[in-house]
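**Q** Chain order of the listed sequences is A and B.
Numbering-wise (our numbering), the first sequence opens with residue 4 and increments by one.
Numbering-wise (our numbering), the second sequence opens with residue 269 and increments by one.
Source of the hints: derived by calculation from the structure; they are not laboratory data.
Given the structure is predicted, the values throughout are model-derived calculations rather than measurements.
Accuracy of the hints is not assured; some may be wrong.
Distance windows between CB atoms, simulated [claimed, not checked]: (1) B/S299 x A/L65: 31 to 41 Å; (2) B/F304 x A/I215: 30 to 40 Å; (3) A/M77 x B/F286: 46 to 56 Å; (4) B/V292 x A/Q234: 53 to 63 Å; (5) B/M360 x A/G316: 32 to 42 Å.
Glycine included, each C-beta is placed from N, C-alpha and C at the ideal position.
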Amino acid sequence: MSGPSTYVPQNGFLRWFESRLPIIGLVHSSFIAFPNPRNLNYFWTFGGILAFMLIEQIVTGLVLAMHYTPESSMAFASVEHIMRDVNYGWLLRYLHANGATMFFIAVYIHIARNLYYGSYKAPREILFILGVIIFLLMMATAFMGYVLPWGQMSFWGAKVITSLFSAIPFVGDSITTWLWGGYSVGNATLNRFFALHYLMPFMILGVVVLHIWALHIPGSNNPVGVEVKSQKDTLPFHPYFTVKDAFSLVCFMVVFAYFVFYAPNYFGHSDNYIEANPLVTPAHIVPEWYFLPYYAMLRAVPSKLGGVCALFGSILLLAFLPWLDTSRVRSSNFRPVYRAFLFLFFATVIGLGYCGSQEPVGSVVVWSEILTAWYFIHLLIVLPLLGFFETPRKMPASITEAVLGPKGASAAMVGARAAAEPSVKG
Amino acid sequence: MATATIAPGTPTRRDFLFIATGAVGAVGVGSVVWPFINQMNPDASTLALASTEVDISKLEVGQIMTVKWRGNPVFVRHRTPKEIQEAQNTPMSDLKDPQTDQSRVQKPEWLVLIGICTHLGCVPLGHDGAYDGWRCPCHGSVYDTSGRIRQGPAPTNMAVPTYSFLSDTKLKIG
Ligand code: HEM
Ligand code: FES
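Chain B on its own, in the form it takes in the complex (with noise of 0.2 Å):
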């Protein structure tokens, strides 16, 4: 027999044909569980980026509007000439998320942002906390008046969403 002349440790065809199969059968298994897992995710239909414009011409000097965009609060403020200062004067120093309040922003007198607490998805409440931006009612996380996190567990700023003015008092965003 061919095989009895073969040195113990080479590998056969045997091998060769074990390890292939194997191979082609964990292929099969992992395309057969991938749907089952994928349907999971969020589907085309909901990715879609739907857009929502908003009228901000109400919306006064000092005031924040929450709108809905993809079943999340968004954040529309019209800011005071006091909270626009404190907000650009701020040292990158004091900030655990370091951003610039220009960056932040298209037009000084409007920041918008995603109302959602980096932390674990509370929606914070405006006007609130030492730096009279937002504090979460969930575990304190404290933000300022461009939205940057400054106290408390959130690691991160607000997310500023893609909007662009379509007017003076027109926000598209999405």
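The following block holds chain A by itself, in its conformation from the complex (with noise of 0.2 Å):
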């Protein structure tokens, strides 16, 4: 799907710069002409929002970075500056903020789109775990982000997280001193982590370039996880695809313009607002909402090495999905079992996430060890037995099929050349 581009450039200084550094050839093949399934729904336009997501980070944080000062006696201060005295620093702060918030929603939809449609099954398990890798450094860089304000829920969040490495036998103290640069969180550990949160978005953006070249090799899956067969199952990217990705990010953005103008600290924490104070905790901590889940199966292990286990093993299980699903039908929508289980294993999620907001006193506990247990049980026992014992509903022999049922899909074939032409002329 990935072959030779169509380009045609169009004077003699394209041709001559193109025949040196072919880059408009690639970018042409790459997101104008490049086939997608015709059938393509909503969730897929979640790939185009995160990518925006990262850049908005990216130029937002510059700007922030401007006016911040990593240095634990003024970071603080430094970030109320940007508040109320800094141009527009509310609103590049409120961005940035919320910024963060958006980006794990469309993360945490998009990898739910993965899991229902199939998408990690074969050819695309590279993808997939490329996939991880860029969820996990979202996650470090969200944290280390969040440490940067200098307020109680920032350090008392890095404290709690840091030693998390002290669960590792023998060499785990050491571990948390050498992250910290000293006894304890302090000014070496923000300077570090103020580097390395600059530095990590920019990693990500690697990754993003291997994931979608990854992605171009196979092509994109689909809502019936049928390949594509020939050219009347594709369309252009664009202009289809374009627009629906515009119309999608503009929808998306009205919901953060909202919550950036309207509630900018609806997902912040006001403990937040007081500066860090090593020598007391907060009554109540608790992580920034798109770490709760994770945090539940944390505390409802009683050992500390295993809440430790259950917290990674957690996430790292995940790259693991092509090969612990061992059904090879893609899309839930044939498989009625796995989509009950995978809606109860939605629920899981989100009920862990509850139960990490919540004091772990009382049934709170209770629900949160069940839920990790079942966390586990599902991707480990469920996943890997549903494969053998499903019979999955009947398939649609073609995409082109399944959109416009078996006759239509012969009468398809002169329409859809047709509507393919625009890759010639784009």
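The task is to assemble the complex, starting from two chains supplied on their own in separate frames and drawing on the hints.
**A** Okay, here's the thing in structure tokens:
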């Protein structure tokens, strides 16, 4: 699908340029002529949204960094300075803070889409693993970013999460001291977190390039999960998908703007407007909402090392999904039993998120334990076994048949060719 | 040629040079990487064991004070006779990290602890929890009046720092 480019340079200069650096042709074949399955639904627009959010975070972060001071006695004040004095500083910071939230909303939808439509299955395993790596890098980036305003939640979040490493037998304490650069989270920690928070989004950008490269080898999966069989199953990326992506992005930005302008602290925590105090832990510390399910798993296991293993294991297991799922059928639309289990799994993750936000007493503890157990049972037992026991529904022979029905499929031949025309002209 | 007479599988001079060069290269790379890793460790000025002097004359029986030492909180607790008794009478079999109360204090009335939960580093709240010692607000670890772990995810007792009594009312931590 990513064969030689069909790009035809329009004039002598472009011909001269293209024969030396064929980059316009690369863009043309990747984002203009690229054939996408014609049946993609709106869940396929979140990749574009994610790309936009990454750039948005880099741009707002860059300008925040021009006013921010990564020094423990001044960091909190410099963020207040951004909020009160810097021209439009409040806007830039609210965009960046809520941008992180919107970024995670988009990535969770994107991952859920992959689980539902089985997009991780062959031949897209590497593509999926690159996605898990991006997700991990995002979490590390957001975690370090949240430390920068140096409020109470920043400080204690940093303390608890870095202390996770102290659970490693023998070398744990040396590792935490090394991470902190002292006996506790302090100025050295803040400084290095700032440097890394600045760096990591660019690492993400690099992995995103690999991710798209790996995507453009087999092309996109689609809601029926049948591979593209002929050109009539596809439509060119431009204008069909550029417009669809753009429409979805605008809707997404309306929600984003709502939070930025009308509820900018909705996802934040008021304790983070109190400057960090190493002597007092806030009565109820919670991480940012996007970490809550993992936080609940950490607390569910009544042993320090066990909790840490559950936390990291739950994410690392995702990378093995292509092999844990033994069914060859991709789309859940044709797997009724799996589909029910998958919705249960989504409910489990949301339930864990709720548990993570509550104080660890009474039934919250019990539910955290049950849901954590089910998370692993689903991935390690249900998923491998279902592939053997479930009888999938009958699949359509092709994407076109799924869209137009068996009769329409043959009639569509002509129409689809005409629709594909712009790929030659564009 | 000399090499023609050597049986296959016998190490040659070239194999030796190959491995030796590789080994020297690995040591070289390691010695360049190490400074980049070690720069993140606390430097000598941070390590220099700073000490703090604390005036404990104002601390009434039953009160706890928190002082900052090396960036971390240290609890000084003036224990009541009841608290001391509870701590001393606890059977070792009840403890997750068995330590006698006597081994954790210099004078029974004064308990000095690094005020960091051994789970994930929060500062526990005093006079709280089922054992009237401390309770950690983060994930619910409970410590007794000797700072020993009794319930919850923390693996060990709260640590006792090095300290000494300069006088009856002055304590030196560190
Ligand atoms: C993957 C992209 C990124 C994510 C998910 C992210 C996330 C975050 C988060 C959650 C915060 C805390 C917001 C708050 O509560 O105040 C933050 C703060 C910050 N970030 Fe980022 N960030 C990203 C990229 C960047 C980049 C590329 C830079 C620098 C060029 C940057 C610079 C900053 C600065 C200076 C702050 C402190 C100011 C503040 O707290 O608002 N960020 N980031
Ligand atoms: S940090 Fe105290 S219980 Fe987790």
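**Q** None of the hints should be skipped; say for each whether it holds.
**A** Verification of the supplied hints:
| no. | hint | in the structure |
| --- | --- | --- |
| 1 | B/S299 x A/L65: 31 to 41 Å | holds (36 Å) |
| 2 | B/F304 x A/I215: 30 to 40 Å | holds (31 Å) |
| 3 | A/M77 x B/F286: 46 to 56 Å | holds (55 Å) |
| 4 | B/V292 x A/Q234: 53 to 63 Å | holds (58 Å) |
| 5 | B/M360 x A/G316: 32 to 42 Å | holds (34 Å) |
Consistency with the previously given hints is maintained throughout, with no hint failing.
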